[in-house]
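Below, each chain spelled out in residue letters.
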Amino acid sequence: MKRTLGTCYYPEHWPEAQWPEDARRMADLGLTWVRIGEFAWSLLEPAPGRYDWDWLDRAIDVLTGAGLSVVLGTPSATPPRWILDRFPDMLAHDAEGRPRKFGSRRHYDFAHAGYRDAAARMAGLMAERYGDRIAAWQTDNEYGCHDTTVSWSPVAQDAFRIWLKDKYGTITNLNDAWGNIFWSMTYDDFGQIGLPNLTVTEPNPSHALAFRRFASDMVVDWNAAQVAAIRAHSDAPISHNYMGRVTDFDHYAVARQMEIATWDSYPMGFLLDRVPGGDKAAYLRQGDPDFQAFHHDLYRACGAGRWWVMEQQPGPVNWAPWNPAPLPGMVRLWSWEAFAHGAEAVCWFRWRQFPQAQEQQHAGLLRPDSSEAAGFAEAAQVAAELRDAPDVAAVQAPVALIFDYASQWAWEVQPQGVGFDHFALCFDLYRALRSLGLSVDILPPDTASLGGYAFTLVPGLLSLTDPLRAAIEAADGLVLTGPRTDLKTSELSIPTPMGPNLPGLAATSVMEETFPPEAPRGLPAGGGIDLWLEHIETTAEVVERTTDGAPVLLRHGKRAHLAGWPDKMAARRIIGALARDAGLTTVDLPEGLRIRDTGTERFVFNYASHPLDYDGKTLDPAGILRLSLPS
Amino acid sequence: MKRTLGTCYYPEHWPEAQWPEDARRMADLGLTWVRIGEFAWSLLEPAPGRYDWDWLDRAIDVLTGAGLSVVLGTPSATPPRWILDRFPDMLAHDAEGRPRKFGSRRHYDFAHAGYRDAAARMAGLMAERYGDRIAAWQTDNEYGCHDTTVSWSPVAQDAFRIWLKDKYGTITNLNDAWGNIFWSMTYDDFGQIGLPNLTVTEPNPSHALAFRRFASDMVVDWNAAQVAAIRAHSDAPISHNYMGRVTDFDHYAVARQMEIATWDSYPMGFLLDRVPGGDKAAYLRQGDPDFQAFHHDLYRACGAGRWWVMEQQPGPVNWAPWNPAPLPGMVRLWSWEAFAHGAEAVCWFRWRQFPQAQEQQHAGLLRPDSSEAAGFAEAAQVAAELRDAPDVAAVQAPVALIFDYASQWAWEVQPQGVGFDHFALCFDLYRALRSLGLSVDILPPDTASLGGYAFTLVPGLLSLTDPLRAAIEAADGLVLTGPRTDLKTSELSIPTPMGPNLPGLAATSVMEETFPPEAPRGLPAGGGIDLWLEHIETTAEVVERTTDGAPVLLRHGKRAHLAGWPDKMAARRIIGALARDAGLTTVDLPEGLRIRDTGTERFVFNYASHPLDYDGKTLDPAGILRLSLPS
Amino acid sequence: MKRTLGTCYYPEHWPEAQWPEDARRMADLGLTWVRIGEFAWSLLEPAPGRYDWDWLDRAIDVLTGAGLSVVLGTPSATPPRWILDRFPDMLAHDAEGRPRKFGSRRHYDFAHAGYRDAAARMAGLMAERYGDRIAAWQTDNEYGCHDTTVSWSPVAQDAFRIWLKDKYGTITNLNDAWGNIFWSMTYDDFGQIGLPNLTVTEPNPSHALAFRRFASDMVVDWNAAQVAAIRAHSDAPISHNYMGRVTDFDHYAVARQMEIATWDSYPMGFLLDRVPGGDKAAYLRQGDPDFQAFHHDLYRACGAGRWWVMEQQPGPVNWAPWNPAPLPGMVRLWSWEAFAHGAEAVCWFRWRQFPQAQEQQHAGLLRPDSSEAAGFAEAAQVAAELRDAPDVAAVQAPVALIFDYASQWAWEVQPQGVGFDHFALCFDLYRALRSLGLSVDILPPDTASLGGYAFTLVPGLLSLTDPLRAAIEAADGLVLTGPRTDLKTSELSIPTPMGPNLPGLAATSVMEETFPPEAPRGLPAGGGIDLWLEHIETTAEVVERTTDGAPVLLRHGKRAHLAGWPDKMAARRIIGALARDAGLTTVDLPEGLRIRDTGTERFVFNYASHPLDYDGKTLDPAGILRLSLPS
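Protein chains in written order, with full-length UniProt numbering: chain A, 1 to 631; chain B, 1 to 631; chain C, 1 to 631.
Some hints here could point you the wrong way.
Which copy is meant is left open, because identical chains are indistinguishable; a pair holds if it fits in one copy or across any two.
Stated by the list, open to error - Subject to a maximum C-alpha distance of 20 Å in a straight line, what follows is the list of computed SDA-like cross-link-like pairs (lysine to any residue): (1) Lys101 with Val413; (2) Lys568 with Glu21; (3) Lys101 with Gln157; (4) Lys101 with Asp189; (5) Lys568 with Thr586; (6) Lys280 with Pro517.
For the record, the hints were derived by calculation from the structure and aren't laboratory data.
Here chain A stands alone, though its shape is the one from the complex:
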C-alpha cells in the first residue's frame, strides 16, 4: 500500500479561471487526491429537473488533467431550497418536536423515503455521468453530524411503527419484550406507539433503545440506497466520511456496504467539546494524544483495513468553543499518526479558506487570498517525507478492544449514574493501553474470532453476542470483560439467569451501584473505582477488592472480569499487569508521549508542549521518532 495525500476542494466557490492554477499547485504539493462536489447540489440542479453538469465536467477535466485523482461526493447533505417545496415534511425534528429549518445543512430526516429516493436518484445520475472518470466516491457528508441521526418527526414516528411491526410481528410480542405491563403501558396496536420523547418521566428504556436502533437502521438504509444507485454505473470504490465521536448510528453496518471507511479528523475542535476526560489545558494546541488514534483504529475496523482521513485540520477551525492555532509541527504529526495507524490517505480540509458563510473562519492550506497558510509548509514536509517511502503492509495489533454502538445507545438510555458512557469507558481503557505503549485493534461486537490477540478487552457491552461468546470461549489469549458487560438482554432488560453470563468465569452481579466523582471507592493497591461498581458473587479467584471488600478484579485461567470503572491510575496498573501476564511488553510512557507500531516501524509522537525523551533520544514538541522494528 502507498501512503497518499489529498485535499478537499470546492471549484464552485472560485472563478473558473483560478482552477488550473489551483490544480497545478495541488499537484506540485504532492497531492494525489482531490475531493469535490459534496455540497454542490444547488448548482448541479438549480431548479427541479434542470441539470447543469457542464461546470463539473470542466472542473473534473482540469483536476484530472493536472494528474489528480478525483473523489466525488454525492450532494445529499445539502439539499437545495426548492426540494423543501416538493417534500415539506422532509425536515428532521428536534427532541422538542420542532422542525429543524433550512439555512445550514443536514436538514433532512433519514426516515423520509421521498427525499431518500430523490437523493439516491441524484447519486445515480452522477454515477452515470462520472462513474468512469473519477477514482472514488463519497456518499453524503458526515452522517449524524449536528445531532442529525435521531429525528422526532411525524415521518419518523410512522416509519418507527413499521419498523416495530417488522421486528416484533405482534403487539403482544412487543408488550412482552418491553415489559409494558409495568405502569399499564400496554399497547393495543402499533399505531398507538409514539416516539419516546416528552414523556412525563423517563420512557420505558426498551422503547427508547428500540427507537435508537430504528434511527440507526434508517441511516443504514439511506446509505444503501445511494450505494445501489452508484454501483449501477460505477466500479470506483465508495466511501463515507464519518465524523469523530458521532455514535448515533452503527458505523460498522454502514461501512459494510462500501469499500473504504474515511473519517474527518479535527483534533483541536474535538478537544474542547468531544473528548471525555484528559488534560485539556495541556493539549489546547495539539489535540488529545489518544482521541484521533482511537478513531483511526475504529475506522480501520469499519473499513476492514481500508481507511482514510478524508478531512484533516490544517489550522484553526471555527466550531469549537475556542479555536486556537495548532502548535507548529502538529499538522505534520497528526498526518503521521494516521499513517502509523494504517491510513491509505490523508486529505486536508480544505484547499482554500472561503471568505464567506459559516466556515469563513475555518483555515485551509491556502488563505482566502491564495497565499500559503501556516499548515501548507507542514503539508509539503509530509509530502516530501512520503515521496520515497516504500509500500507498507497491514499488520494485526496484539491487543483488541470491542466497541459497540448499541451499547452506546443503551447506556445513554439507562446510565444509572451521570457520566456512564460506553465510548468514555472504552476510551479510558484505550488510553491506558496507549499509555503502556500498546497498539490496539478495535473490533465490532459480533467479532467471531479473537485469533492472534494476546489480550482482548470487552468493556461495557450491553450483552455478549453469540459469535463473540464463541470467540471468547475459543480464545487462546487473555480476555478481560467488564465493567457492566453482559448484564442485560439485547432489549435492555435484566436476563434470567442474572448476568454476566461469561464463558469460563462464573460470576453474578447481584446489585449495581453508581456514585458521584467526588466519592470513588479506594483500591488498596492504588487508584480507585469511579462511578460504577457491580457487586459480584463468584467462584472465581478474586484478584483485587475495594478497601471495603467488594470484588473488583476476578480471574479464572485466561479469563478476567473487572467489576468497576477504574480511574486512570488503577486502569494503567490493572491493564498493565494483565497485558504483561498475557506476554506483552509494556512501556511506561510519560504524559504526552505516544507509540504506534506498524509491521516494520515504531513511531513515537510527542504531543506535549515541552521536549520529552524516549529511549535516549529527545523529541521536541510535535516531534516524531521512527524506529525500525525487528521483523
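Take the given structure of chain A and dock chains B and C to it, following the hints.
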C-alpha cells in the same frame, strides 16, 4: 398502637404460580401489609368497559389466605393507552406549553373533569368489588411526582378561569386584588386571563400565586372524587402515598379527606437532588440525617397522628443522579427512625425487583431471581425486633414548627433573591432543632392552638392566618417568628400597615434586601445571616444585631422575631439559646448523631460512616441506641 | 445648563386625594421634573375608542400647579389587553418560535405595522391634548428591555423579506452577498428566506447579521412613527429612556430622531447580571464603578450632549438575582457621577413604592405607607447641593472611544471564541482609561472627525466606515485600532484584500485564534492576552510581542494597533503608556476610586466600602471630592 411492616407487590408482574410462595415468604418475614393494584388498570380494564377482575380476585385470595392484610391502590396514576382516545385533551402540558406524552406515568391533567370522573368511577368499581375484603385503600400514587401538579394546558386554562370567577366574583375585584392597574394589565372579563407562563418578563406575582393555588385545589378536588367513590362502598381507611419534597399542592387539605397519611421514603434518592444544603459527601450511603425525620413529622401532622411509610427504600434506586448502595444497617435504621416518629407501619418498596421497564435497576427485598437481596436480612431484623414490642402511644413534642404550602408557592413566585425557599428555610431551622436533640411537631398554618408547646417557630410565613394569630396571642410558650413572616397579604401584596403585624411584638420591616451566598452579613456572636435581611423598625428589645448594626433578633416577653436567615452556626446558637430560655434541655449532638424521643423511649441514631459516642456508649455506623425515658 | 432633579410618578396607582400632597412634597424636595403616563393606556382608553383623559388632565393640573414640569410618556410599552383582540398576531415570538404572552409588558412585535400605527395614533392624541401643557415627551419605555428587540414571529419573517428585498434588490445579489453557494443555501426568491433560528447547525452569519440589522431598523421605524405623531402637535423636546446594556438596536439611530437621550440607571441591578467582568463581591452595595459612567458617556453621544438619567435607583430593586440595599451615600454618589458626566437631570424611579404587582419589592423615595424611604434623605442632600450651583457647560473629553451596535451583533453572531463581545471589549478598555483617571467621550462608528481628541480607541469594529476611515487619516491625535477591528466586510465576510485595512499602518491578519480563559498568552512586560489573538504580518514597528513571539502592539507614527484582547494589567499598562505618549496625564488610581473631569471641576468618587485617599484627602465609602480645575 402496634408497629407493623409491609411491602408493595405486583402480582401482575409474575406468573400466578409464584404468588403462593411469595405470600408465604412475606408472612414468614413478619409482614402485616401488602399493597397492590395501583398500576394495574390496563389489566383490570384491558379495553373500554371490558373488565377483568378475576386475576385480582385470585391474588387477593392468595395474599389474604396467607394472613396478609391488603392495601388496594386505585390505578389512576397509570391510565391505559386507550383512555387517551376517549380524552385526547387529558394530557398535562409542561411550562413550555407542550403535551406531556403517554409512555411513562402520571400523564393526566388534574383539571380534566372527564378523566377525573372516569378515574373516580374506576375507584368506585374497585370499592364495590373489594370494599370489604381489603384492609385499607390508597388513592392514585404520589400526586405531584415528576412535576405533575401544575399543568399549562388549555384545559387547565379553562378551569383556572372558572376558579378565578368563583374566587373573585367580578373582574374588577380581581383587577384590584392583583393591582392590574400596574403596567395596564387590567382585564375586562375572566375569559381574557391566560396562564402565567411564557410572558415577556415575570407575570404579576398575584396572578402566578393564584394559579398555584388553583393547581393545588385541582388535586384536592381530584382526590375528593375518588374518596367519595370509595366511601360509597367501603369503610376501610383511605390513604395516599405522598412523595418526599413534593410541595406543589396542599398536603394538609388532601390529607384532611382521609384517615391515614403515608409517604414514600427514599433517603438516598432524595439526598442528591432534593435535600437543601447539608453535607452530601458524608451521607451518600445513608441519606440526609434530617430529611426523612422532617417528612415523618410533616405527615404525622397531615394524618392527624395516623401515618405510615408506604414505600421504604431497601437498596439502590434508579432515579437519582447517582445511586449508591445503602451502608449496611441503614435499611434497619431508616425503619426505626420512622417508628420513633410514630409510624404505624413501614412498607418496603418492593417485594421483588422487576427485570424490565423503567425501574428495573430499583432494588426490592428480593432480587429478580427471587434470591434475597441485601435489604432482606435487615427487614427480617426489624421484624424480629418488633415481634414482642409493646404497643406505643402518640405523644406531643415540646417544639412546634409551622410549615405552609402556600408560602412555598409564594416564595417560588417571588424569591427576591435566588435560593429563597420556604421548605429550605423551615428545614434549616428544623436541622438546628434536631442538632440540639429536640423532637418537633410540624403544624399547619391554620393551627388554632399552641397549647403544650414550649417553643414554636413560624418562619417564612406568607401571612399569619387569623387562627394562628390568635394562637400566638394565647400561647404560653415562646414563639419565634420570621424571617420573612407576615410581610405580605395572602394575595402576595405588601399590606397596610406594613408587616410584620405580630401579636405582642411591635416591628415593621421598612426594607428587605437579599444577597448572594458569598456575601453573608456577619454576627458578632458567631455565624452570620445569609440571603435575606429585613430592616426592622421596632420598639422591642434588639437582642442581636449584624456587625453593621441591623437588628437581627428582637424580643418582647415570650415573643421573638428573627429578621434574617441564620447560617448553620447562627441557627444552632440562636435556636439553642431560645429553646433553653423556653425551659427545654438541649443536647450538643455531634454531626451525624440524631435523637428522637417517643413518650417512653429515646432513640439515638448514628447516620455517620464512623462510630460516634452518646452518653458513654458507642454507636457503630448505622447504629441505634434505645434509652428509656422517665415517664 | 442647570442641573436638575426629578422623579417618576404614577398618579393612577394612588387615590386622587393623595396627589396634591405628593406634588407638594416633590416640590419641597427640590424636584423639577415628574415623569408620568407611560404605563397608563388601559386607563386612558379603557375600551377601544373610549377615551378617559379627565384623570390625566387633573393629575397634570395638580403637578404643574405645584410648580413641577411634566414629562409625559406615550403608553405603548403596555398595550391594553383588548388590543390583542384587534391584532391577535401582534405578540413577539421568542427564539423557540413561541408567542410571548400578555401578562407583563412589552408584548408587541416591532414589525407589526398595525400595532405600530395604533401606538403612534395614541401618541398623536396625547400630543394633541397635552402638547403645550407639558415640558417634555418620552416615547414608549425601555425599548428592547426583556430581550424584546428581536422577534421570531411570522410577522417578523414577512417584514424581514421585504426589508431584504429593499436592501438587495435581487435574490442573486443576496445570494452573492451572503455566499449562499456554500452548502447549497442559494435562494430562488425572497419568499423562501426564513428567520435564522432553529437551523440544524449555525445559520449563515451574513443571514443572521442581516436579521439583526432588520430588527434594529424596526425599532428605528417604530420610534419614528411616534415622533412624527407627536411633532405634529407639540414642540416639547422628545426623549426615550434607554435601558443599560441593551444593545440589540442602534441607539444612535433612534436617538438622532429626538432632542434628548435618557437612560435608566440601576447600578446594583446591573452589577449581578449585566456587568462584564469586575469584582462583583467588592461592589455588591455600590454597583460597578465604571458601568454607569460608560453609559453616561454613551448617552451623551446619543443625545449629542443633551442627556438625562430618567430612572435612578433609590434603594433595592426586585429584578437582579439578589437585591441588596445600597451602601449609605451611594444614592447621592450615583447622582453626582451622572452630573459630572454632563447630565441635565437625574430622576429617581420612583416616587412611592407600589405595594402590588411585579415591582412591589422595588424601592421608591417613599415607602408604600408614604414614609420616607432610605434614599429620600440622600435625594434631599443632592437637591441641597444643587440649589446654589452655577450653570455648567459641556466640554469635550481628551479621549474618544468608538462603540458600535452593529459590531455587537456581528460578534454575537460569530464570536469565534466563547465570550467575544463588543461591549465587553470596549468596556474593558474603558475601565483601563477610567483607572488611569481619564475622562472619555464615546463616539458612533460613523464619526467623521476626531478633532480635539489626543487619543482615540477603535476596538472590535466590524469594519471601518468611510467617514471614520477619513477621520483617522486626518486625525492629529493618537489612534489605536483593534483587536478585531476591520477584519470583516459589513456583510460579515472576509474582505479582499484581507484586513485590517488601516489608514497609516500596514498590517494583515493572516489567522485569528481564540483560547479559553485558563490559557492566556503571556506578555513579557506584564499581564497577558485573553481570548483573542490575530496573527499579524506587518511592516510597522512591533512594539510588543507575546512570550512566544506573536506581534501584539504595532505602531507607526500616530497610529497603533492592538492584535489581542489585553487582560486588566496589560490593558492598563498599554493604554497608559499610549495615553502618556499622546500627551495626556494619567493618574494611578487605586481600586474603587474614580475621577471625572467637567470643564471646571474634577470629581473624585469612592466606590469602595472602605476609605481611600486622593491627593492627600481621605474619602469615606461613597465619598465625593470636588476639586477646581485650572481653566
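Hint check results:
1. When the C-alpha separation of lysine 101 and valine 413 is checked against a cutoff of 20 Å, the pair qualifies only between copies, where the shortest distance is 18 Å, while the shortest distance within a copy is 27 Å.
2. Proximity of lysine 568 to glutamate 21 under the C-alpha cut-off of 20 Å is found in neither arrangement, the shortest distances being 51 Å within a copy and 47 Å between copies.
3. Proximity of lysine 101 to glutamine 157 under the C-alpha cut-off of 20 Å is found in both arrangements, the shortest distances being 19 Å within a copy and 14 Å between copies.
4. For the homomeric pair lysine 101 and aspartate 189, the shortest alpha-carbon distance between copies (17 Å) is at most 20 Å, but the shortest distance inside one copy (32 Å) is not.
5. Taking the shortest Cα distances, lysine 568 and threonine 586 sit within 20 Å of each other inside one copy (16 Å), while across copies they are farther apart (48 Å).
6. In the homo-oligomer, the alpha carbons of lysine 280 and proline 517 lie at most 20 Å apart both inside one protomer (18 Å) and across protomers (12 Å), since each shortest distance falls under that limit.
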